[in-house]
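As a plain string of letters, each chain reads:
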Amino acid sequence: MSYGHDDHDHGHHHQHSHWGPHDWEFDYGHGVIGGAPHNSWAPIMIALGSSLFLLGFTKVFTQSWNDANNVWDYAIHSSQIGTLIVGLAVMFAGFFVWWRQDWSFDGTYEPKAIGTPFQSIDLRKVAIWMFLMSEMMVFSSLFSTYIRYRTGFDNCIELFETTHAAGGVIEPGTACWLPASYFIAEGGYHQENANAVLQFMPDTLIPGAINTFALIISSYTIVLALKTAKDTSLSDAERNSKVGKYLLTTLALATLFLCFKLIEWFVGFEIGDHDHPIFYAPSLMEDHFTIHASEYTYCHLYDEAAHACTPGYDAIFDIRMSASTFYVTTGTHGVHVFGGMVALAYMVLKAFRGGYTPQNAVSIEYFGLYWHFVDLVWVLVFPAFYLY
Amino acid sequence: MEAGGDVFHMLFDEWNFWSAIVMIIVSVWLFHHSLKYRAKDGKSMGESCDEFIPGVFPKENDNLKMELTWTIVPFILIVYLTYIAWGPLDEMWSADPDAHEIGVTANQWFWDFDCMADDPEDAETIGQQNVAYNDDGEVICEISTIDVEGETKPLLRVKAEQSLAFIMTSNDVTHAPFFLDWGIKEDTQPGMETRLYYTPSVDEVGSSLLMCTEYCGKQHSTMTAVVEVFA
Amino acid sequence: MLSIHKNRRIITIFGLLLVALIFAPSAQSYPYGVSGVQDAGCTCHGQSLSPDVVPELEGLPIELEPGGTYLLNISFTGGPSGENPEALALGGFHLWTSAGTLANVDEMVKINPDGSATHNGIDATDTGQGNDQTEWQVEWTAPMDGGAKFILHTNSVNGDGTSGGDYYNRLNLEIGPQPVEQARGLVVLASAIFLMASITFGTTTWVFYRRDPGAFAWERFWPFLSDYLTSTDHKKVGTLYMVNGLFFLGVGGIFALIFRLQLASPGNDFLTQDEYNQFFTMHGTTMIFLAAMPMIAGFANWIVPLQIGAPDLALPRMNALAFWLNPAAALLIFTGIFSGQGADTGWTGYAPYVVSNTAHSGATLWVAGQILLVASSTVAGINFMTTFCTMRAPGMGWMQMPLFSWSMLIATLMLFISIPAFGIGLIQVLLDRTIGTVFYEVAAGGDPLLWSHLFWYFGHPEVYVVVLPAFGVISEVLSTSARRTIFGYKSMVFALAGIGILGFIVYGHHMFTSGMSPVLRFVTMLTTMLVAVPTGIKVFNWLQTMHGGSLVYRTHTLWALGFLVTFTLGGISGMYFPAVAMDLHLHETYFVVAHFHYVFVGGIIFGLYSGIYYWFPKATGRMMNEKVGVIHFITGFISYNLVFWPMHRLGIQGMPRRQHTYFITTDEYFALPAEAADWNMLITIAAFMFFASNLILVYNMVSSGLRGQKAPSDPWGGWSMEWMVSSPPPTPSHNPSDLPVQQFAEIHDEGEPGLFGRMIEWMMIPEESHGGEEE
Amino acid sequence: MGEHGHHTILGFDRYAFNFWVLMIFTAIEVVAVALTFSMKGTVSMDVVVFILVSVGIVKGVGISAIFMHLQGDPDSRVLTATALFPVFFIVVMILFIGLTHPGAADTLPDWCRPGFYS
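Residue numbers (the numbering used here), protein chains in the order written: chain F, 1 to 388; chain G, 1 to 231; chain L, 1 to 775; chain U, 1 to 118.
Just chain F, same shape as in the assembly (with noise of 0.2 Å):
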């Protein structure tokens, strides 16, 4: 309730449109310009949006509790798949807004830090930093998680291993640790008929690989885009189409990275016939590696010829656990790396556009470093749960 006086018609005074210019260039007339507020939407359509997406999500999840067997019954409710989508729309109507107000920001008004320490830096080169900080902690409680649960559990290879060894019987459903690498790194129980080229690495940890290198050279091309942003010995037609390529390449790599995670995860890599195929990396989903996986069958020795586990070295575990940390953390990454990729989408359409010029390159700097601490986790999730 301001109870000023309405102060003077918020009509902005030479204002081409609605939609720009940038936050930070409002004329408040006598030749002062500044950052000063500038109505916009965007954020209430944003807010409103992504509590709909939360509201739609849950209804397509929404559980049943089974009282017979005393277990929850997944299901997804396509049907109400209704209000998410709504969701997804109004947000996305949000950063459209967005990004349209910054679309004509051309860096004529950078903002510099005034004060100590930050001398001169520009502004939302700390504002990225400060981000930069709060997603470290993001993955250092998935790392706290990941490490107090691995400590935590006895790995189910060395438990089936010691209690046939003494003879024992393993009781079906127990809890143990079987992790992603045993399906990645090692191929799993089928290890054999996978025939790559290299002969001593299974075909399933190609793709990670892959994976792992197209973020290392997207975090390159990124680099080299800000180098010819920031080239004044070119001209700008040639500047913006380099500066766009380089963007398209790191956007498709970022793509490309993207979509082998999903089909590692679901579809599963295939080249060949399917008997004796060239290349076979079956997905996690058909190696049962899943989060409902609570009666896996590990087969500790198997028997080629009989293409069955040889009786007596199998076990039931339950492995859920593991696979619930592995998709939620490498989740968490998948959907930063598709946060990238939007933001890229914008900034591919902005340079062609001739947005990035040596005085607006130093945005192109904002965006590289939050990609090279999304490739930074990738360094540290890689090795974590794929290779160990």
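The set of hints was computed from the structure by calculation and includes no laboratory data. As the structure is a prediction and not an experimental result, all values here were calculated from the model. One should not assume that every hint holds.
Claimed, not checked - In silico lysine to aspartate or glutamate, DMTMM-like type, Cα no more than 25 Å apart, as pairs:
#1 F:K242 - F:D102
#2 L:K110 - F:D122
#3 L:K490 - G:E151
#4 L:K149 - G:E151
#5 F:K242 - F:D106
#6 L:K490 - G:E51
#7 F:K242 - F:E110
#8 G:K65 - L:E752
#9 F:K227 - F:D122
#10 F:K230 - U:D73
#11 L:K490 - G:D62
#12 G:K40 - L:E626
#13 G:K40 - L:D714
#14 L:K110 - G:E151
#15 F:K245 - U:D13
#16 F:K112 - L:D738
#17 L:K490 - G:D50
#18 F:K242 - U:D13
#19 F:K245 - F:D67
#20 G:K59 - L:D714
#21 G:K65 - L:E746
#22 G:K159 - L:E668
#23 F:K112 - U:D73
#24 G:K59 - L:E746
#25 G:K36 - L:E626
#26 G:K159 - L:D667
Following the hints, put chains G, L and U in place on chain F, whose structure we already have.
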């Protein structure tokens, strides 16, 4: 009977004493300063007031000696109090090898005690009746039922002077038995075993209500039992 | 001005969204809820109730004999049942009784967990399972005293295996003396919140009208409102935060009043256990997340840019996004409360209860709502940290920032570092409850302590985040009222930093009895003892500030002195918990409730009230009414202490918290002494008085906001930069082209910086020359 | 930041150098693990863990120092300080939450007990 065991009351009196001292110091200091340095007519400036001008960082007003004193003195008090609080930890957390184990299993909204009789044939396992004896044949732990506000609840009877080790777990969610008269409680975590060691003394003879003190759902408040210490 | 052309586009967008929402099939509403269907509780196959289905319930006596058992025959006639010869099923029934117990005599009937009886047909195609007949038998034992109410639903099924074409009807029966019809807790809550919403909307319209009644026109109301909905100005967003915070303070207060009625006397049954559990959960969540944090964000938004000489916050639109995520989250947090299925997990939402099937279904959306709050706090954190680090006025070094800004800086830093842990815990619970991950599924090896750790890693810094701004307000108010610089500015800043660091390593004291590893219990016992020292330094510095000053008694000074008394009491009662031996008795009792209400209400709410009275003239340009303010203080302070001081005594006597009823000593067992019932009655009465006294503040703000006398730009004679600009401040607050330069009353030449100073210099001052050494 | 002077390492352009370092180390990592699993039992897991950890640290320092301009820029020192600020809180989180699973330690070590000293 009084809520809280002797360890609690020993510490509680100590804490009350020091809290009273700190509160007296603060109150006297507060009322003296807020009354003595009152602005007489709301406008006059005291002799050592500072001139405030908007936008001008005022003169410094600190005295290192005083600030050091009210950092060091509370620190010393804290160290002393920590030392006292450290004492009872030993007997609270050390497992007494010849303590008699009593199993406490919490379920959603009822308690399930088990006297873990030393040799099984002694324990007549007819319904709730579960008794344990010590070496010279005296009953040291017995379970039966009692009526609490219209509902039948389990009654755990233990012998005074008998050192007890409660082995606690839960079948569904977190609960926590609160032995009101002994002043101790510990959560029963599902999938985990937590322990409580206590030896009821002779003057704790009598029965007290055991309540659930970790929120566990709908009937969290009526999930009670009665613990009776007999001579 | 938004032209009509643009208006139409926005109206079409929102119209489209509403239509889409209507078509999106809405959540299936649970049978029990505000509409009183709770007693019937049957989602019958048929959608339509038809009079030609006639349910009958025979076997009830005329004269009810307490405790007697009766054999009841349930049957129905009419409807499509029996017409089609090879019907798979003929019908079903659902019988609910308000008292006594139902038991089945044959396996054609089954008893549900809530005591009601239904036919034993698993699904429609099941034959010989109790749903292929039209009469059933059930045994009912009468209660020992009072009568009972029966609600019978019978469903006549055409047996085609689908739910179409079936009809049902309902029969109400009463026997014996009926208890007087009570107002149901949910109905009271719904009407109270509806009242609060209409008051807020009514006040907004009335304020808009009173601003200049002459120019009042409904078309100009939308631009006034849309200016706020789309505003990114830190002052308007600050006002939105304050309105949001005060509104939810009222709603949280209503939750408290309703369950205080329930606790007024032992064995009370004004609220059912389910309703009580929902109310104390919603009271906690609303008060901390939707009342205290938004009010603090409101102060931060209003005062921080003005105090550090910045035109606005670093990222204005992110600022608005951070605010709008709060009401969006409130929508989700409150879903389910009216359907009787709101979250009932306590504000801490301990696993595995929060992921168990016995928890209410509303808990999923309650968790989803809190994830939005985590997003809002992260965005606000980024915004404020950047503003503090980069946009301080020229000449204002770190050690020249006013103490309110310092407290906001440390509070934002703590919130911003600790909240991702809470966010990850919430996401784990949300995924456990929706797609079926097993983070807290005990059967799959889930560890309930992981949630406690993640929650309290955030929880304890959170309570410091909420109390530090109140410290900042008190430092400003006491220094200006006593007309003396704050005593020991440097030690105050280092005390804030000390609280900031220690706040992260003490959270274990919430989990002393939870089976956490003993090493951690021992470590956190030591660090929790230590955390009292910095807070003690601050309290002593405040007291010494008044030395030699000339204390000007205004309402904000009264509230500040009130704060000193209550917060010190709260801090001292908090020191009882680090001693683990004492914590084993005091944990989860009303002593804990007393402690944190003394620190929350006595600390934060009193501090924020002092801030409201102190900065209201600056924000609105109108002085507040001092007389009404003093009345508000006196009634508030007295009723506050009456409510929360007796809780210490109840806690020592062992009254557990979060319990629907409490037990008084009888001759069979020792429990709470008889006096506990009287203390609880006193607490309930005083709680109503405290709620009323808060309404005085609302009246004072609204009336003096419109008719208060004009306020000068520096009404109280403060020194910090917000008193340099006019009140209400212009937009942008400080002109970006000539920002105010920080002056100094006394120039003390900084000697050659010592080792520590040189290290800070090396790190903090960017190297000018680019020819940096080759690596 | 088209600064001159120190944007080369060992003669190569620093970004290209860093890029190739990252590529090579990732290859080492993947090959090491693949070899260990395919020749079961010959190489113990601790060697693999050691390789993974050391390669991870090298790659992490490489990315943050060079790609994220935390080294060699006028503002890099204060940004390094900002980047390293949460390390204290991360260490506290890893110690308090990561390494204290229920079975880890269920009794207080003797030197923590008053009985030990009296």
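Checked hints:
1. A threshold of 25 Å between alpha carbons decides the hint, and for K242 (chain F) with D102 (chain F) the separation of about 22 Å falls inside it, so the pair holds.
2. Distance hint between K110 (chain L) and D122 (chain F) is unfulfilled; the C-alpha atoms sit about 70 Å from each other, more than 25 Å.
3. In summary, the hint linking K490 (chain L) to E151 (chain G) is not supported, as the alpha carbons are separated by about 62 Å, beyond the 25 Å threshold.
4. Note on K149 (chain L) and E151 (chain G): the hinted pairing holds, with a Cα-Cα distance of about 22 Å set against a maximum of 25 Å.
5. Between K242 (chain F) and D106 (chain F) the CA atoms are separated by roughly 18 Å; this keeps the pair inside 25 Å, and the hint holds.
6. With a C-alpha separation of about 20 Å, the suggested pairing of K490 (chain L) with E51 (chain G) holds against the 25 Å cut-off.
7. Pair hint K242 (chain F) plus E110 (chain F) holds up; C-alpha atoms about 23 Å apart against a cutoff of 25 Å.
8. Of the supplied pair hints, the one linking K65 (chain G) and E752 (chain L) holds, its CA atoms being roughly 23 Å apart against a limit of 25 Å.
9. For the hint pairing K227 (chain F) with D122 (chain F), the CA-to-CA distance comes to about 18 Å; that is within 25 Å, so the pair holds.
10. Taking the CA atoms of K230 (chain F) and D73 (chain U), the gap is about 15 Å. The hint holds against a cut of 25 Å.
11. At most 25 Å may separate the alpha-carbon atoms for a hinted pair to count; K490 (chain L) and D62 (chain G) meet this at roughly 9 Å.
12. Annotation: proposed proximity of K40 (chain G) to E626 (chain L) holds, straight-line Cα distance about 18 Å (limit 25 Å).
13. Annotation: proposed proximity of K40 (chain G) to D714 (chain L) holds, straight-line Cα distance about 21 Å (limit 25 Å).
14. In summary, the hint linking K110 (chain L) to E151 (chain G) is supported, as the alpha carbons are separated by about 23 Å, within the 25 Å threshold.
15. Restraint check for K245 (chain F) and D13 (chain U): satisfied, since their Cα atoms lie roughly 21 Å apart, inside the 25 Å limit.
16. Distance hint between K112 (chain F) and D738 (chain L) is fulfilled; the C-alpha atoms sit about 15 Å from each other, no more than 25 Å.
17. For the hint linking K490 (chain L) to D50 (chain G), the alpha-carbon distance of about 17 Å falls within 25 Å, and the restraint holds.
18. With a C-alpha separation of about 19 Å, the suggested pair K242 (chain F) and D13 (chain U) falls inside the 25 Å cut-off, and the hint holds.
19. Distance restraint check for K245 (chain F) and D67 (chain F): the Cα-Cα separation of roughly 58 Å exceeds the 25 Å cut-off, and the hinted pair is therefore not satisfied.
20. Under the criterion of a C-alpha separation no larger than 25 Å, the hint pairing K59 (chain G) with D714 (chain L) is consistent with the structure, at around 19 Å.
21. A threshold of 25 Å between alpha carbons decides the hint, and for K65 (chain G) with E746 (chain L) the separation of about 22 Å falls inside it, so the pair holds.
22. For the given pair, K159 (chain G) sits about 18 Å from E668 (chain L) by alpha-carbon distance, which is consistent with the 25 Å threshold.
23. With a C-alpha separation of about 16 Å, the suggested pair K112 (chain F) and D73 (chain U) falls inside the 25 Å cut-off, and the hint holds.
24. Among the hinted pairs, K59 (chain G) with E746 (chain L) is consistent with the structure: their alpha-carbon atoms are about 6 Å apart, no more than 25 Å.
25. The suggested pairing of K36 (chain G) with E626 (chain L) holds, with an alpha-carbon distance near 22 Å, which does not exceed 25 Å.
26. Distance restraint check for K159 (chain G) and D667 (chain L): the Cα-Cα separation of roughly 20 Å lies within the 25 Å cut-off, and the hinted pair is therefore satisfied.
Of the hints listed earlier, those the structure fails to meet are numbers 2, 3, 19, in rising order.
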